[in-house]
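The sequence shown runs -19 to 155 under my numbering.
Each hint should be verified, as a subset may be incorrect.
Stated by the list, open to error - Estimated spans, in silico, between C-beta atoms of each pair: (1) A41 <-> A145: 17 to 25 Å; (2) G48 <-> D130: 32 to 40 Å; (3) V0 <-> D109: 28 to 36 Å; (4) N(-1) <-> L108: 21 to 29 Å; (5) R7 <-> R44: 18 to 26 Å; (6) D109 <-> E58: 32 to 40 Å; (7) L74 <-> A43: 29 to 37 Å.
None of these hints come from the bench; they were simulated from the model. Computed from a predicted model, the values in this text were never measured in an experiment. For glycine and all other residues, C-beta sits at the position ideal for the given N, C-alpha and C.
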Amino acid sequence: MMRLVHSGRRKVVAVIGNNVAPAEVARAAEALGKGLVEAGYRVVSGGLGGVMEAASRGAHAAARYREGDVIGLLPGREGKDANAWVDVVVPTGLGYARNVLVVSMADAVVAVAGGAGTLTEIAMAWQLDKPIVALTVGGWSARLAGERIDERARAAIVAADTPEAAVAAVQRALS
-19 MMRLVHSGRR KVVAVIGNNV APAEVARAAE ALGKGLVEAG YRVVSGGLGG
31 VMEAASRGAH AAARYREGDV IGLLPGREGK DANAWVDVVV PTGLGYARNV
81 LVVSMADAVV AVAGGAGTLT EIAMAWQLDK PIVALTVGGW SARLAGERID
131 ERARAAIVAA DTPEAAVAAV QRALS
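Please construct the entire structure, taking both the sequences and the accompanying hints into account.
And the structure:
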């Protein structure tokens, strides 16, 4: 059987966080999305509002942005529910279970604030041994920054005080 090798595959970073974001959190997510695409990554999220929309908008603002850099895995079955900045719309029809897909398709995960949904994504990323970076802008990302969820032999969740520090942490983790 022939196996295809895609050595030039661009890595994907999941940006997870609140679906309704205060201005400070949205600004951080937007700068993060822009920085990730500038660094050569694609961005995947749940494709809706709040942190997801801000990161998607920021990704589009990057000078290195290309069509297809922003992927949104929607909980519902309607593609029209995606925020305006998503290039690749995937209406999963899975509800919250789509969070597993968001995390599992990513090479690394960056949490930006967040509530219960973000907490489940962080826990899933931990279970899947994905590099996790947490922006210290509130919510679960601030609470878990620098922490280990359990006693597995792995690095703690990386704390980042700025979007730029988060991008640098992703680069270190994926190099």
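Against the structure, the hints:
Taking 17 to 25 Å as the suggested C-beta distance range, the pair A41 and A145 conforms, at roughly 19 Å. Between G48 and D130 the C-beta distance comes to about 36 Å, which sits within the given range of 32 to 40 Å. Against the hinted window of 28 to 36 Å, the Cβ-Cβ separation of V0 and D109 comes to about 30 Å, which satisfies the hint. For the pair N(-1) and L108, the beta carbons lie near 22 Å from each other, so the given range of 21 to 29 Å is met.
Checked against the hint of 18 to 26 Å, the pair R7 and R44 passes, with Cβ atoms roughly 20 Å apart. The supplied range of 32 to 40 Å is met by D109 and E58, whose beta-carbon atoms lie about 33 Å from each other. For the pair L74 and A43, the supplied restraint of 29 to 37 Å holds, since their beta-carbon distance comes to about 34 Å.
The structure fails none of the hints (numbered hints given earlier).
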